[in-house]
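Number of protein chains: 2
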Amino acid sequence: MSARAGVDVGGSGVRAVVEFATGRRRVRLTRPTHRRATIDGASVVEAAVEAVTQAADAEHPPRLDAVCVGTTGLPGLIEDPAAIAAALRDRLGARRVMVAGDALTTHLGALGGRPGVVVAAGTGVIALGTDLGPVWNRTDGWGHLLGDEGGGAWIGRRGLAAALRHLDGRAGGSAPLAAAVATRYGEPAGLLGRVYNGDSPSFELAAFAPAVAEAAHGGDPVASGIWRDAGERLAESAVAAAAGLEPLFSWGGGLFRTGNLLEDPFRHAVLTRVPAARIVAPDGDGADGALRLLDHPPVTRHAGPFLHASGFDDA
Amino acid sequence: MSARAGVDVGGSGVRAVVEFATGRRRVRLTRPTHRRATIDGASVVEAAVEAVTQAADAEHPPRLDAVCVGTTGLPGLIEDPAAIAAALRDRLGARRVMVAGDALTTHLGALGGRPGVVVAAGTGVIALGTDLGPVWNRTDGWGHLLGDEGGGAWIGRRGLAAALRHLDGRAGGSAPLAAAVATRYGEPAGLLGRVYNGDSPSFELAAFAPAVAEAAHGGDPVASGIWRDAGERLAESAVAAAAGLEPLFSWGGGLFRTGNLLEDPFRHAVLTRVPAARIVAPDGDGADGALRLLDHPPVTRHAGPFLHASGFDDA
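Protein sequences, first through last, are from chains A and B. Read in order, the letters of the first sequence correspond to residues 1 to 315 in the numbering used here. Read in order, the letters of the second sequence correspond to residues 1 to 315 in the numbering used here.
There may be inaccurate statements among the hints.
What the hints assert, rightly or not - Every beta carbon over 10 Å from chain A, so not counted as near; a handful from chain B, in silico:
id, residue
1, D168
2, R228
3, E263
4, L271
5, R278
To be verified - Simulated restraints on C-beta separations:
id, chain 1, residue 1, chain 2, residue 2, range
6, B, S43, A, H296, 48 to 56 Å
7, A, E246, B, G193, 29 to 37 Å
8, B, A276, A, E246, 20 to 28 Å
9, A, G172, B, P134, 24 to 32 Å
10, B, N260, A, G193, 18 to 26 Å
11, B, A83, A, D199, 22 to 30 Å
12, B, T30, A, R24, 17 to 25 Å
13, B, G193, A, R24, 48 to 56 Å
If you're looking for bench data, these hints aren't it; they were derived computationally from the structure. Just so it is clear, CB atoms sit at the ideal spot from N, CA and C, and this is done for glycine as well.
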């Protein structure tokens with residue numbers, strides 16, 4: 001049976017679309033995919049194969065004609081995308097394999113091949129402004145210690161810090177967030193242990209972002225301020241990535257699913273900086289973008305470090 | 001030969017004072033003492049024994065009558081201070097052993113036993129307000145991901161983020177800090193590898209704080225702003241720890257050795273919040289405080305989770 005798959009491997013979850021002659025099947029799995037803050041190829045491969053297998057509703061990995069995996073860590077943190085491509089070829093039998101940065105697959109999912117800027121905000125953040133031709137502007141994507149400003153780990157970290165500030169009696173503390181920490185972790189020592197001694201600090205931090213959303217919806221001004229700041233930071237990254245492009249903006253990644261909390265300040269902050277901006281809701285997600293990328297191998301001529309392709313005639 | 005030792009084990013260095021009948025010898029070693037962001041007792045013991053041996057100018061660990069080690073991670077991150085005390089007793093032959101939080105030893109070093117607030121700012125930050133009797137207010141000390149606001153890792157992280165913002169063309173970037181990153185790490189990938197794949201993220205972050213100081217001294221407004229914010233955060237922690245005490249404030253830890261950059265905004269921010277505050281330069285450092293603690297075992301009746309003592313009559 002002829003089949004192709006698009007996969008999006010994020011910091012806290014995986015999405016896959018498998019396209020059969022008879023139609024598409026989708027799956028979304030939530031789990032920490034990157035341990036110890038490093039991104040290793042083996043875990044990307046495992047996550048992708050598992051998601052494709054589930055999306056195909058099969059017991060064993062299906063045999064595919066082509067597969068494209070978009071993942072965090074590209075460009076920059078993944079040392080050898082060719083090794084990931086080779087492993088995917090072996091495990092899924094696909095002749096045509098692409099390994100792309102999730103900035104690229106999210107862009108293609110959101111804007112469907114149109115030039116513009118897409119900010120991908122999940123656990124981490126990366127913005128890509130591109131015309132899929134000569135212009136490739138990438139901003140942020142520097143990880144939870146050095147950047148990813150406005151992303152899930154950033155929001156969770158700010159929320160947890162505000163909870164601890166409240167416990168200390170320091171300025172800027174939040175009682176509702178302190179209550180959320182107590183519910184989730186018990187004593188602060190439980191929180192410290194999970195964040196500092198756990199396998200994936202960024203996953204642990206991002207896991208608190210929903211509690212920050214809940215507190216904001218409940219009217220907590222500290223929590224609301226964190227989401228406003230996040231929208232502002234994401235807008236800064238998006239606007240910086242728009243250099244040399246028509247000002248068309250969209251987004252992807254799990255974080256924007258919190259709705260108005262993030263979307264409103266993001267829109268406002270982009271329009272403040274670029275009054276002519278057009279801001280559109282995304283057409284599809286990173287898995288859709290990965291599938292679309294399989295149809296557009298000419299992109300590979302320009303995508304540089306965002307893409308490793310093998311088995312494509314003009315790759 | 002009768003000897004006692006006081007040791008201060010911080011995130012990026014160790015200080016020791018060994019007191020012989022003939023006088024005192026001191027040593028200061030700089031190195032990352034805590035790996036992988038966790039604090040394990042074995043590394044505290046190794047660091048302390050090495051520093052005491054060097055301070056004694058001996059080839060092998062000296063035999064001591066008494067030793068007190070102040071360390072980060074207490075209270076909270078060190079699970080078993082009794083195990084550290086037992087190891088120190090074995091390795092140094094001391095009958096009387098104390099293992100204290102560095103907040104307490106820094107307090108005793110800086111204020112010499114007077115009630116008040118001392119903020120310990122090195123790689124991390126912890127403030128302690130105490131009268132060494134019933135009042136024990138501790139603020140921050142939550143580590144580089146959740147707090148330690150205004151400390152060395154916090155300053156370095158902000159400086160590195162500002163460098164990457166500059167490279168992205170985002171708002172809030174700093175060209176001098178970007179140049180410092182290029183000198184130190186080459187391409188950003190070199191920085192990412194060291195921070196995310198290294199043994200001690202907080203040490204790596206804090207190691208950039210001197211570059212932020214240099215940029216501030218050179219007139220970079222972004223770098224100056226980071227130090228101003230740091231002074232403000234440290235003041236917030238100090239003021240919160242002053243509840244129920246006379247408003248006497250001091251500080252300890254390596255970070256204040258940058259001089260006016262930090263001390264001026266700290267003083268200003270404390271006085272803005274507590275106009276009656278008295279702010280005094282520290283009498284001594286954490287190693288002095290550890291030595292002093294050996295003379296004041298009655299403190300142990302009150303110090304609770306800040307102190308584990310064994311071999312003292314009223315401990």
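May I ask you to test the hint 48 to 56 Å on the CB atoms belonging to S43 of chain B and H296 of chain A? 52 Å, holds
- Query: Is 29 to 37 Å right for how far apart the beta carbons of E246 of chain A and G193 of chain B are?
  - Reply: 36 Å, holds
Taking the Cβ atom of A83 of chain B and the Cβ atom of D199 of chain A, is their distance within the range 22 to 30 Å? 25 Å, holds
Regarding the assertion that E263 of chain B does not contact chain A, is the least Cβ-Cβ distance greater than 10 Å?
20 Å, holds
| request: Classify the label on R228 of chain B as holds or violated, using whether its beta-carbon is more than 10 Å from each beta-carbon of chain A. | output: 16 Å, holds
key: Hint check for R24 of chain A and T30 of chain B - Cβ pair distance inside 17 to 25 Å   = 58 Å, violated
With respect to the beta-carbon atoms only, verify the hint that N260 of chain B and G193 of chain A lie 18 to 26 Å apart.
38 Å, violated
When you take the CB atoms of G193 of chain B and R24 of chain A, is the distance between them in 48 to 56 Å? Roughly 38 Å apart at Cβ, these two residues miss the hinted range, so it is violated.
So R278 of chain B supposedly isn't at the interface. Is its beta-carbon more than 10 Å from every beta-carbon in chain A?
The claim holds: R278 of chain B sits with its nearest Cβ about 21 Å from chain A, beyond 10 Å.
Just to be sure I understand the hint, the distance between the Cβ atoms of G172 of chain A and P134 of chain B should be within 24 to 32 Å; is that true here?
28 Å, holds
- Cβ separation check - D168 of chain B to all of chain A, threshold 10 Å: 4 Å, violated
**Q.** Interface-negative label, L271 of chain B against chain A, beta-carbon threshold 10 Å
**A.** 15 Å, holds
Violation of the numbered hints given earlier is confined to hints 1, 8, 10, 12, 13; the remaining hints are satisfied by the structure.
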